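Protein chains: 2
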Amino acid sequence: MSEIVEKEEDLGRRLRALRQVHGLSQRELAKRAGVSNAVISLIERNATSPSVGLLKKVLSGFPLSLADFFSLEEAPREQVFFAADELVEIGGGRVSYRQVGRDLSGKALQMLVECYAPGADTGEALLRHEAEEAGVVLAGELEVTVGDRRRVLKAGEAYYFDSRLPHRFRNLGEEEACLVTASTPPSF
Amino acid sequence: MSEIVEKEEDLGRRLRALRQVHGLSQRELAKRAGVSNAVISLIERNATSPSVGLLKKVLSGFPLSLADFFSLEEAPREQVFFAADELVEIGGGRVSYRQVGRDLSGKALQMLVECYAPGADTGEALLRHEAEEAGVVLAGELEVTVGDRRRVLKAGEAYYFDSRLPHRFRNLGEEEACLVTASTPPSF
DNA sequence: CAAAACTGTTAAGTATCCTCAACAGCTTTA
DNA sequence: TAAAGCTGTTGAGGATACTTAACAGTTTTG
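Protein chains in written order, with this note's numbering: chain A, 1 to 188; chain L, 1001 to 1188.
A couple of the hints might just be wrong.
[Unchecked claim] Facing chain L, according to a computed beta carbon distance under 7 Å, are these residues of chain A, among others:
(1) S49
(2) P50
(3) S51
(4) V52
(5) G53
(6) L66
(7) C115
[Claimed, not checked] Quick list of in silico lysine-lysine cross-link-like pairs, DSS-like style, CA-CA up to 30 Å:
(8) A/K31 <-> L/K1154
(9) A/K56 <-> L/K1056
(10) A/K57 <-> L/K1057
(11) L/K1056 <-> A/K57
(12) A/K57 <-> A/K31
These are calculated hints, taken from the structure and not from any lab test. Treat the numbers as computed from the prediction; the structure is a model and nothing was measured. Virtual Cβ for every residue (Gly too), placed ideally from N, Cα, C.
Make a model of the complete structure from these sequences and hints.
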């Protein structure tokens, strides 16, 4: 009957996000890890509590240790996506600085400008620890995946997340996508 | 029949060390964690691969997250105990400095002098992360527990370990025990 | 439009984890 | 010298994790 276990500390959600950000299907991951695809489904829906041995197998498909995987559960779950009117104007002179993120107290970011050619893809997401990342799309459309949340961002929209969460950027459109990104620690 | 699973990444050894350094019996830990004492025995002997849910219960008895627990398996297993003649003389003038540990390249320690009164006990071991600890007994006898390794050190003997491993010091003797200890980062 | 290939989910059965209870060995008490 | 306390281990059983094989839904191919 597959009862959904409540509050299993969201282990399943983390695994699903990890798998999706690597662009794998349940079957692909299962084959790579040498386990059944069914148990991947069960784990991701928190319908079972996997043994450490099995979880180790599954994670062997990623460049991620058990310690790294469980450190993800300590990552805070703050607001990720912001509409254009949710940006806070903090600027300035000729250049307008609009703040992404509601409360940056205790945080320290460095923003940059990046442009993605059509079809560009960051591919396998590298997990950086103890860092934060943010961005605003200036032109074009960019698919942003952060943890289990995915959205195609258009000009004016933005993201903000703890970069301990797995993430991936893809330009699915026909035209170049430009955005402002930010990362820690600040360079000025 | 309880087949012993080989190379289960020594999860059991870590749990046993963690339990012993806290001075708990299998039954005490089991009661505190709300599980059976039998499964503690099975896990510690790597006779089973516990589910994440159960392991979480067990570790809830300690001030240790799953991430912290699995980060222990990444701790290198270097030489821990050194005989008196295994110390390297690097000193000095009127004071003799004898180095503990074969290769300190890439390490940074600060040694101190400590004295333990009879019966003194560090008790519940606090785990410090990203640190190293070393010491030399000058007088008296001191029981040192590091991970799953325990030894009563006498004058002239020494220890060196990654302090991510759980540890505990106890003076079981009748007289004061004096030793030189060291910790990271250095204070000079 | 249908066939093929993919996606995630689920039912049935096997393997394994986990609990309960008992056991053997060692220390302390009477 | 038990007897009662503890220690860690083990066997039998029920609970559940895991596999295999099938299902339903969506996208791709012909």
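Against the structure, the hints:
{"no.": "1", "hint": "S49", "result": "4 Å, holds"}
{"no.": "2", "hint": "P50", "result": "6 Å, holds"}
{"no.": "3", "hint": "S51", "result": "4 Å, holds"}
{"no.": "4", "hint": "V52", "result": "5 Å, holds"}
{"no.": "5", "hint": "G53", "result": "3 Å, holds"}
{"no.": "6", "hint": "L66", "result": "4 Å, holds"}
{"no.": "7", "hint": "C115", "result": "36 Å, violated"}
{"no.": "8", "hint": "A/K31 <-> L/K1154", "result": "55 Å, violated"}
{"no.": "9", "hint": "A/K56 <-> L/K1056", "result": "16 Å, holds"}
{"no.": "10", "hint": "A/K57 <-> L/K1057", "result": "22 Å, holds"}
{"no.": "11", "hint": "L/K1056 <-> A/K57", "result": "19 Å, holds"}
{"no.": "12", "hint": "A/K57 <-> A/K31", "result": "11 Å, holds"}
When the structure is compared with the earlier hints, violations turn up for hints 7, 8 and for no others.
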